[in-house]
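**Student:** Two chains, each in its own frame: build the complex with the hints.
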Amino acid sequence: MINSLFMVNSHRDIFMEKHWRTAIKRSVCDCFFQALEKVSGPEDVSPIIVTPHHYLISIYRDRLYFVSVVTKEIQPLFVIEFLHRIVDTFIEYFGECSERTIKDNYVVVYELLEEMLDNGYPLATESNILKELIKPPNIIRNVVNTVTGQSNVADTLPTGQFSNVPWRRTGVKYTSNEAYFDVTEEVDAIIDRSGSIVFAEIQGSINCVVKLSGMPDLCMNFVNPRLLDDVSFHPCVRLKRWENEKVMSFVPPDGAFKLCSYHVGAGGGMVSVPLYIKHNIQYAGSAGKFEVSVGPRHTSGKVVENVKVTSVMPKQIVNVNLVPTQGEYSFNPVTRVLAWDIGKVAPGKPPSIRGTISLQPGVPLPEEKPSLSINFKIQQLAISGLRISRLDMHNERYKPFKGVKYLTGAGKFQVRT
Amino acid sequence: MSYNNDRTSSASGDDTMQDPSAGALFNVNYKKHEDLKNMLDQNKDSLKLEAMKRIIGMVARGKNASMLFPAVVKNVACKNIEVKKLVYVYLERYAEEQQDLALLSISTFQRGLKDSNQMIRASALRVLSSIRVPIIVPIMLLAIKEGVNDMCPFVRKTAAHAIPKLYSLDSDQKENLIEIIDKMLGDRTTLVAGSVVMAFEEVCPDRIDLIHRHFRKLCSLLVDVDEWGQISIISMLTRYARTQFLNPNEHENVNDDDDEDKPFYDEDDDEEDEDSDEEKAKNKRPKYIMDPDHRMLLKSTRSLLQSRNAAVVMAVSQLYYHVAPKSEFNTVVKGLIRLLRGRREVQFIVLQNIASISLKRKSVFGPYLKSFYVRSTDPTHVRVLKLEVLTNLATESNIAVILREFQTYVRSSDKQFVAHTIQAIARCATNITEVTDTCLSGLVNLLSNRDESVVAESVVVIKKLLQMNPSQHCDIIKEMSKLLDQIQVPMARASILWLIGEYCEIVPKLAPDVLRKAAKQFTSQEEIVKLQIINLAAKLYLTNSKQTKLITQYVLQLAKYDQNYDIRDRARFIRHLIMPAGESGDVGNFRKSAKKILLAAKPAPVLESQFKGRDVYQIGSLSHALNTEVSGYHPLPDFPVEKPDPSVRNVEVPKVVDIEPAKIAGRKSSSKKSKKKAKSSFYSDEDEESEEEEEEEVEDESEEESEEESDEESDDDDDEEDEDSSETEGPDSRISESDVGVTSPKQLTMSQNSEKTSDEEEESSEEEDSSEEETSSSEEEESSEEEEVVVVSKKKKKEKKQQEVNLLDLDDFMGGSPAYTAPPIPVVNLLTPTITSDLAGLSFGGSSANSTGGGDGTNATASSGMMSFVQTTGMNLKQESFPLLHRVTGEGLEVKYKFVREVFKPNDKMVAVELEFINNHTNPIREISIGDKVRIYLLFYNETLTTLLRIIGSMGVHKLLHAIDCIQ
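So the sequences go chain by chain: U and G. Just so we're aligned, residue 1 is where the first sequence starts under my numbering, counting upward by one. Just so we're aligned, residue 1001 is where the second sequence starts under my numbering, counting upward by one.
Excised from the complex, chain G in its bound form (with noise of 0.2 Å):
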């Protein structure tokens, strides 16, 4: 609103800033700024707002307003966020400029560093390493240690952030800055890993040995993180692959161009050549294994093809050109080609890489020929990219569909179009010399177009084609001497004029005539035809001196007296030349000299792609976009020819990365080795059999899920063991959840209090589970109780890290939501060996079965909880869910439990577990009620439990008092 509101009257201010003259119209200005001061100064937060605002809109508009700092940085320790946010926008523009002043506003910021609202800790950061002061470094510095080990994952982005702009304002500091980057590498948080990286880019790109640790854990994160952060860990990443890893492509660099370039078109005499050179350098060299990392880095990135960010792809797509071996190469032309169709901009980058790539792998692009095809709305630049990728496309088998293309082109009306066409056409005629012919003839037709452009761009090329082959072409070149009297374009003229004089041999009665003609109009022709014009006379004047002689002094004098010096001089170079002054014996030897200065045979000009040479640049780049090294360029360095040690990106405790969400999922629901002997327990009184089979089925589907994910599932070689993962919840796990920002250091002691509770808990239990398993069961596994803790314990260690990594794997939530809804539930496992003795005490009404006697004694507190149930969907499909109820036991009613980590949701102090009625009898069931006090009633859907139908509810279970009851 006040954009345009103050438009009139800071316009004219402006005005007078420029032109102090204007005295009175200044002190106009001055009031009016003297209005917005006053408004700032005013308490009400709305005027300092609507002052804000304008002042804001001046910046906006890049009117200086820097006189008014003073007032605006008063409000820096404003509360109002709105002001403060533009306040600090106000700071950022203009804090360089008044220094002075700006450190007024310094400790506001410190105390905002210690703010307990994290945006406001976040800002703070923000806005200190923004402003540019260089007095304030050590503050800078301190601040960006501090924020690097918050809680929050988002100040230590922005600490991240800060890095770069600490370095630019002082690159004294760089050791501390890598210190600092160093151990930010190690955030496990997607969130940060980004913009660590692109810190790390902008300090020191060269200090690749500070991501050997960190390399595996970027590869497995690199899905996750955010686009922007996605482009430049790959750009990132690919200088490391090319100066960690072999050159995959070794073992067939012996013939590499010609490899790519000619298979089409010398076939036949290539074939034994290359095989012969291959099995040659077989021979060589031992047979190339890739590294496992070189080939994680490849498979991590691949799946992000298909992004929707076209840098990203583009960002792939240059680290396989660069780094993987030729034929993996072709998985990312799809990506490109889908690029195509973006926005105008991108497309015009994109064929600028595709036309730098296909010069060198060009078979891989044949299949999509067709999206090449230029259409009449695209601009101009893109056309003449799109020619200029079809060209070097052009092979001995589709050169035909090319050319019929190129022909539709040449009738567009877009002349700078047409212009690159026949360019186009000409690259292509000399390229392939099947078609050269076709080509040339196709070109002279051309000559007869109506529009000179097109007839002068056509000469050139036909000029340059016809130095191939001149003496088969005799009456191109008297064609196009003809065209001399029409076309008036310099170039065109020029080169008919070259190509008369070059090979006045073959058109020896000609070439005198043009000359003449020529001669003419001498004075009015422009410098290059001028030029071409004596160089014509003079080779005439050598081979036909009887006939030239007078013209040849005739041009050489309107030289003379040319204005062009460089005419001039040319004149005077060519008279002396071929007319030499002197002794007779000299002036022979001075003519022979001449003839073979003047008519040596010159090679025909290769016609190249302007992208040749460009991909020494790396692909995607600034620098190969405009072909030159643009500051702040990092060449890549070719592929060590020695390999590197690889163990140097060993982390001390290996198997930390690529753990796959579904062993999670198929653990969590794990529970711990009390719960297990519970559960043995439950099922050695009866139908022991049946039901470890049932449950080993579910055990060995998720663990087939996890093999097929994970790389490296190497040692669960006991199924038991892996069952027991107990801890998985235990307090590593929280630590890693509160990285992701979740945990509020309230709950963090909450949920140790708990824990330490539930610990006390487990141990009682085990041991009395412990001693119901040894009278009740016999089962091979049971060895020492102490060795099995020393088992868990090493099993713990372990969990940690899987599970700290897979809190920020996308796949986890699909199976337990609460990873980032709901705080997360940290003593559900501690707790389960209770629920399940509870459980498998409770006895359901109609069953006669009473299945163990274990939890009677706990049963008896079953009304100090509470449980209820609502109906879920199905959904937690990966977890394992352990049957409770045997439907023979239960006389056709089966139960089955899992454990959902999931909050209970009509009680945040419980959790959830998740039970799940299936009636396999004839008859329905309407009641269900465990022991005396719990009963339930299946009204909550207004149906009854008919044959084979499977509800699934969920009960809560409280956390300290493990009993349970029902609502409802």
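If we strip away everything but chain U, and leave its shape as in the complex, we get (with noise of 0.2 Å):
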């Protein structure tokens, strides 16, 4: 089990360390920071290190390591999503994870730690309950505080402890009940030189804001639910009923929350890629030839904007000099980053760019083309087709308001040229 966690930031300093067992001594760390040195970037280093006398099990977030030391057998899994949870856990608390936020508060940091680990082993990680145990910290609650002398530190038990529905606290009330739900979707596409698309899948999730009051029990229905066969849930969702029925019914948290994550497209299945990218990209002495076009399809009649395309020129690249027929373009000759940003994209006239780039003289020429990678937004669609039908609620009497939204981008959505 996880004995001891130690923060560390970019300049490799422990700045914090948490012992849920005897303190192990933070010169463990040597090890992992000798590992850093070998590799290339932060992100590069591998999540599990061996040391004599115990293992390091690490993540890398928002610029900080996580560095949790272990010394018997564990899934490796277990820790490093323990690990994610934690940093999720303050991201919920302090709105942001740095060093900062975690110095500034670091007293129910270590409240934090204390709650969601006994002796190693996870005991409380829903937010829901950690947030009756401790209140997250906020400029209001500080002056009472300090005036009526109340404390941060909940003396009782949370009430979802004992339930059914760990997720959610009782006693909840809003005046105004709200239930918004975005459908989110970002298409994760390899593009080859071609033009033929080698891989695309969608990567979906249902986040939601859910203010009701009381035990509201909605259930959810898709005019599609088939295209969900790729599906991983929040443990609010009942499984058993998303089998029978293909029909989502849950018992929501209170506030924000993602309710399931999706995939479509993996293992076959056709997915329809907005838009399409042609390129022509030549190196010829020491200029070349540049041109890209950029134009919608599949949008269902839909604009598709914020359309920016970026690229790493190869490092022999000294500067380029295009003209674009829409938006604008920047090149930045030190980290050699060429970005394109069209706007939107309307059918018709395909937006494009194209000029000449000069390369070093003297220098062989890049074997390879730099690729591109594409951002995009879609407003009121899911490109999947995914489509929310009906949301009910049971139990309550009162009538919620209710809002679905939906949002298509581009994820990692890459073109080889």
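By construction, these hints were calculated from the structure, which means they are not laboratory data. What you were told as hints is all true, and nothing was included just to trick you.
Pair by pair, the computed Cβ-Cβ distance ranges are:
hint : chain 1 : residue 1 : chain 2 : residue 2 : range
1    : U       : K38       : G       : K1482     : 30 to 38 Å
2    : U       : S286      : G       : Q1416     : 24 to 32 Å
3    : U       : K38       : G       : P1640     : 42 to 50 Å
4    : G       : I1289     : U       : E245      : 29 to 37 Å
5    : U       : P333      : G       : R1572     : 57 to 65 Å
6    : G       : P1070     : U       : K405      : 56 to 64 Å
7    : G       : A1601     : U       : N375      : 54 to 62 Å
8    : U       : S196      : G       : S1471     : 34 to 42 Å
9    : G       : D1566     : U       : N280      : 49 to 57 Å
Cβ-to-Cβ under 8 Å is the rule here; a few derived chain U residues that face chain G:
hint : residue
10   : A23
11   : E73
12   : L77
13   : E114
14   : Y121
15   : K240
16   : H263
17   : R416
The beta-carbon is built from N, C-alpha and C at its ideal position, and this holds for glycine as well.
**Tutor:** Okay, structure coming up:
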């Protein structure tokens, strides 16, 4: 189980440590620092590092390393998931997870870590329970606490702990009862140089903000539930009901949460890619040709917004001189990042950019051509075609306000040239 | 705040701790802590809190705060909860170092263990077990034993967590602890189950026998246990299954690996073999039938594949890999692939495991090939693993696609990745003979690459490939010998030299020249290159001594004085082997054997995955990730040869497990025997047949549902009997609800009281009803009353169990929300006879027919109770509703009622009965009155009851005074 946790910043300082069993000297992290030195990027360090007596399992998030020390056999994923859960909790409490916020709120952080793990075993990780135990800091509460002498720590057990719905606290009250659902989809694609799609899939998720009083029991129906054959759910979703009826039935946690995430297109399913990209990049001597055009397709009449093409040029390229028909471009000669901000792409004349690139003279031509990554957004469209048909609420008598929003964006959308 | 405030001063203080010579500073530091001590000694909580916060700040930064121990430990009894918590945190950190002082705090914890607040009980137990002071082991043991019996499941969970702590402190307590674990395994609360299994895994993972009785329960609870508990339960059950069930793959085990590895490219020759083998196997062994418990385990874990927690998905996947029949492994693949889109660390671990699995079961990952394509944003170690998996998955049919993908990778700017890609290409080339030549020519093209490391890597793998069939590739060898002038990477140079030495007979003219060049540069080369030059010289000397004798001697001479003793050794050895001094006869023999030694035919190297053989470790374990056995790893046992006795898992009262909610949902509304009788008497007067039909429909539905979901609904031969689940809400169910922690003892006693009274009522009403029935009805199911009573009591027992299990079932609360919100309403059904009779006796305004006269007597007291209507939404669909007033009798007004098992909101001393009014008449109804005093105005929603409108209202019925009234 998890013996200790060290938080390390990008300067390789250990700025916080917590031990759940006998304290371990912070020198164990030396092995971790050695491993850090060997790799090129901060992401490249292996999540598991062996030291003479301990094993270090680490994650890298928000430019911080969270290094946990284990001494015995344990599933590495268990630890990794847990570390991520810790960071998620910090973000929920403090809005962000940075060295500064952690240091500023070190008492809350310590109390949280104390509640989340007991002897290295997870104890309470559900954010609703934690929030009842330890109230998230905010300015008003700080003032009130100083004046009245109240504390941030609850002296009774959270009610959620005992129920079958540990993720929801009891006695929630709102004057306006609202439930918002965002269906967000991201298209991941690799398009090869000939323009054919090597790989494309959609990663979707339904994020909710539910502010409903009491114990509402929600039931979400889909127009085409068959699309969702690869789903992972928040624990509140009744899996049996989903398996049998393809209906998402759940008692929601209070506030914002991710109801489910799903994937469409893995294993051979067809995914429509909303943009096509034509490109022609050539090198010749000390100059080269660069030409890219972007056009919409399969967007069911919706406008593609925020289209942006970025590319990291090979190091031989000194400068570019391009003319876009729409939007503007920038080129940073130091990082060699070319960014072309197009904006909206409507059907009709596809925007294009063309011009010359100047290469460093006297150096052999680059072998690789820069791959393009594309960003875009389509409002009110879930590219997979998923639609929520209805949402019913049982168990409570008021009428909630319900809202659904669809949004499609680009994930890792990459064009090889 | 203070975290930064005291930073400078305490930092300097800390320095002085390490540097005793700085005495003056030490004093400052001493005073500084004096300050904190003073604050802690004050009476003001706010000062104490401030001091504790600063101390915790020191602890958090890893500064030594142990000298404050005496001051801190005094505050362990502080009333302020936040101070107390921080003191606890401090104690857990330092008590181990200051054992004697820590003992001062023990009595506080012991008092805390008896506190009425569950939170304080739990945290006292937690700190007591966390301070790691060996002297208090007996106290800890006692505290744990008490905690195990605690009413509150959270305290029990804490007790479970304390078990491994005690064990690590004093392993002599093992026997005691096992006893406790054995007891706790019987706990039916989902909150506790996961923690107990964690304790089991830590203390006595080999005591599989303890699990038998709880196996089925654990399987059925699994869905509702928290994520972390699920992980440990699944991994424990994996080991359990490996010892208790037969190998489901045994009958196809005959050619296990071949089966999986070859189907694509060896299809033709293998097919028949396989068939015959399988047939043989079938003939040999009786057909394998999976143990129902084995099946249950697989079934109950499957839905967890949709967990958001990657570790849970991995746990289920490894369970399926190790325990399920091969054909079912497909089901988990999708889940595994999904994890690949997770975070970088998750990807890394999952890819490692997939790499291991894909060696054995490549076909299942075939459809997901593209998920392993490398993205430009992947970190290097993920890329390398993806290559590994792609290579493992390569078959004759998809090799073209994979090679095309590899071609893209070779152009990448990440040179380490390119090197791995080249190795991957080589592995594909050796594994799939059809593409060897294509790969080889592709690799030769890479030799003209500008990047030296790429060329070097290609040389190394080409060398390996050439060994498979050297004579055909004479020109490649020539090509490579030319490269020797350009390449400086030692490994590549060594490879070329070795290649030329090995195949010097194929390139007889070139070889001496190469040696000549190499000899010139000998001194400036790396060790491996020098060794290969010696080798080359020796081989050439043996085959072509005329041309190379002098060069060889020259090389050996140089090597003789080399700095490296390895090279000197080698040179001496070679010299004596090929140029022995001595008699001529011996020399001839020597040379012959030297030739045999140096130029022996060497088998081509087999390029293997580094993941080969890793699957001896359990998939998903740390040992697997590191490929070494980590301490605390329990190897997976092999399946037993003989089938172990499955009856060990039987619990005394069968059918405890696996009850589905629908069944209860159907049942919870079901009334008791007497109620049913009342009903039948109600129907017996009029419309009996049509009513009965309707009712049966409802019943059938609920039954269908329950049958669908529950596997073992075996003995509900009689609808009526099933209906008779009178005591569903009996005392036992209350106990189980207190398990869930909602009822306080007060409530318990209260409900027991009410139960007594209602029991009495029951008796009386039973008598009344049965006498009624005797007179009015002639139904054939009416057997002697005694018999029925027996049946009822039997049912009682069964219901108890079912109820307990079901309270934990997630699905339970969709039917009746009170299971987790409101305290239990124990008396609903106990009251039903009177209600029914009451209701039956009510006469509705506008309806001329008086349904029964039975309830008239009770109706007289109608004013002492209370009833009101509240509009409800149409939930509780699963509960059965019973007709109260038929539309024909009611002249178009139809009324149905059902018991919702809910507290009546406006008054918690009453229970709710839901009435549903349906107007089948063409005229709207404005007002419904019951008897003289009871009036229902349809005002509350400002509407009249128009045609075919359904309105649902709920009505509170007083628990003790069984009469109804109506406000508004």
